[in-house]
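Residue numbers (this note's numbering), protein chains in the order written: chain A, 880 to 1094; chain B, 69 to 264.
Source of the hints: derived by calculation from the structure; they are not laboratory data. Predicted, not measured: the structure shown is a model, and the values here were computed from it. No residue lacks a Cβ here, since even glycine has one placed at the ideal position from N, Cα and C.
Only pairs whose alpha carbons sit at most 27 Å apart, straight line, appear in this in silico DSSO-like list of lysine-lysine:
1. B:Lys164 with A:Lys947
2. B:Lys165 with A:Lys947
3. B:Lys107 with B:Lys164
4. A:Lys892 with A:Lys1080
If you want a taste of the chain B side facing chain A, the calculated C-beta under 7 Å gives, among others:
5. Phe95
6. Thr183
7. Leu188
8. Leu237
9. Ile238
10. Thr241
11. Ala242
12. Ile246
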Amino acid sequence: MATPSSPYEEMMKGLWRDNPVFVQVLGMCPMLAVTNTAVNALAMGLATLFVLVGSSFLVSVMRSLIPKQVRISSYIIIIATFVTIIDYSLLAVFPKIHKELGAFIPLITANCLILGRQEAFASRNSVGYAVMDAIGMSVGFLFALLALGSVREILGEGALFGFNLFGPNFEPWIIMILPPGGFLTLGLILLFFNWITEKRKQAQIEYQLAEERAS
Amino acid sequence: MTDAALQNFLWIFISALLVNNFVLAYFLGLCPFLGVSGKLETSVRLGGATTFVLIITAICAWALNTYILPHAPYLRLISFIVVIASTVQFIEMLIKKLSPSLFRSLGIFLPLITTNCAILGLAIFATNREYGLLESFIYALGAGGGFTLALVLMAGIREETELTDVPTLIQGTAFNLIIAGILSMAFMGFAGLFSS
Chain A
880 MATPSSPYEE MMKGLWRDNP VFVQVLGMCP MLAVTNTAVN ALAMGLATLF
930 VLVGSSFLVS VMRSLIPKQV RISSYIIIIA TFVTIIDYSL LAVFPKIHKE
980 LGAFIPLITA NCLILGRQEA FASRNSVGYA VMDAIGMSVG FLFALLALGS
1030 VREILGEGAL FGFNLFGPNF EPWIIMILPP GGFLTLGLIL LFFNWITEKR
1080 KQAQIEYQLA EERAS
Chain B
69 MTDAALQNFL WIFISALLVN NFVLAYFLGL CPFLGVSGKL ETSVRLGGAT
119 TFVLIITAIC AWALNTYILP HAPYLRLISF IVVIASTVQF IEMLIKKLSP
169 SLFRSLGIFL PLITTNCAIL GLAIFATNRE YGLLESFIYA LGAGGGFTLA
219 LVLMAGIREE TELTDVPTLI QGTAFNLIIA GILSMAFMGF AGLFSS
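Isolated chain B, as found in the complex:
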């Protein structure tokens, strides 16, 4: 592998992980970000499951895009969403068989991965940028890592603020959104990581 190729992979990874974080810079996957980030434990597990779906989707999207979609470009969205829905269904069955305890702890959040726009977004971004197989894989890894990172940071902050005296009016979503805004501001600092 040449140096340039390695640098390209590293750039894709870091960019998806930090600079263009899916949650805090692209606003993708906000529903689980705001809904599931109450407990550290759950958010790590959900992050892992989402990363797995992201990777499988990225590979499938690449295959679809290379072999099928040149013949029928208008089917792009429909085929992607079918792939995502069936991957999630498949993972649900797999986890149920292999680890019933993990299945119970994830509960409703597992099927809800289907409507996580980070996954559809990743498939669309990767095909728009015409990534190859390996690039798609690394992009998915970075995006999944970034999603998990944002979720875990948010869960950590929320666990800390649980005992603080927050005015009743601002409690709930408004409070979480303002925390997210400050987190997002912090992540903007990573924009200087690469000078183009």
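If we strip away everything but chain A, and leave its shape as in the complex, we get:
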């Protein structure tokens, strides 16, 4: 399948229009589990970026070598290899973050966003497109993680990236850093996202109507 669009467009679509979390609702498990603070969200986003770009590159390079029948298993083994690399690197370089994220680093393997991109994009496109698509998707994922992580940390701890924002008089909303806070915050962010999309659509319709009237 040849794509007529430019690699730049492939990258930009992941950021907003096809945002993996807000629009496609993929990769929810790490999304909710590690976003109790912004730092964890950032670390998780960067780890996912490495895995997605690496495996998209390798899958795209090897796309003519992988037999159709065993493609899913092959993709998963490639992904698991990259996850093992990032798992051991994080353990060596940032042991503290590795401890905080715990079992969720190995669980990147089962992130359906990554397998989805291999199956839907990397296995059908040339290396350049595949890498650009992977970068766009993972930056979009990182953006979503950071949005959720920041909201939860600001409300749940009164801090952002560990810096105290409101002083000692702030009563933290403990529920926000607990599991229910994750579900509720993501639900509300999705609601907000729907609202913006709807507003834009309406503005576009009104603009078209106005143009028709003018002509």
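With the hints as your guide, set chain B onto chain A.
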């Protein structure tokens, strides 16, 4: 069996089933939780199939961890995912042979069990905690039960809300996530079940 061992097993089971519910407290297996929970019938079946895969994976993970992985710890993740993928493939063939009608009703959700992070998560948690064979089995049973419970509760609520007048903006995933948040809050009540 001594009292302490029995208590330990019961604790592992209840903890995985309610207190540390895989879906509502650990956020594992959210994709089927949000995707498949539209109908009560399907969610019970998917819960059953997932529990079966969980149990087989837990036993395989224990065997791998005891006999093979001490020699090559870096292969942990890769070997687990291969075991899970082949178990799912095996179950798919088995169900297709034994009950074609069940196979048709599960459809695409059957192969998707592979990317259910609850299964990989269970294998990783069980090996991190160094569970023995029986403990792993009970942990898998509790986790599978908890997954099915969450899925069925969610499906029940969604069937009830089908006819209610929900504003268009919040329909779909946003609405389901807020329901899940309230369910998760309810499950937090179980945290007081065990005083450590």
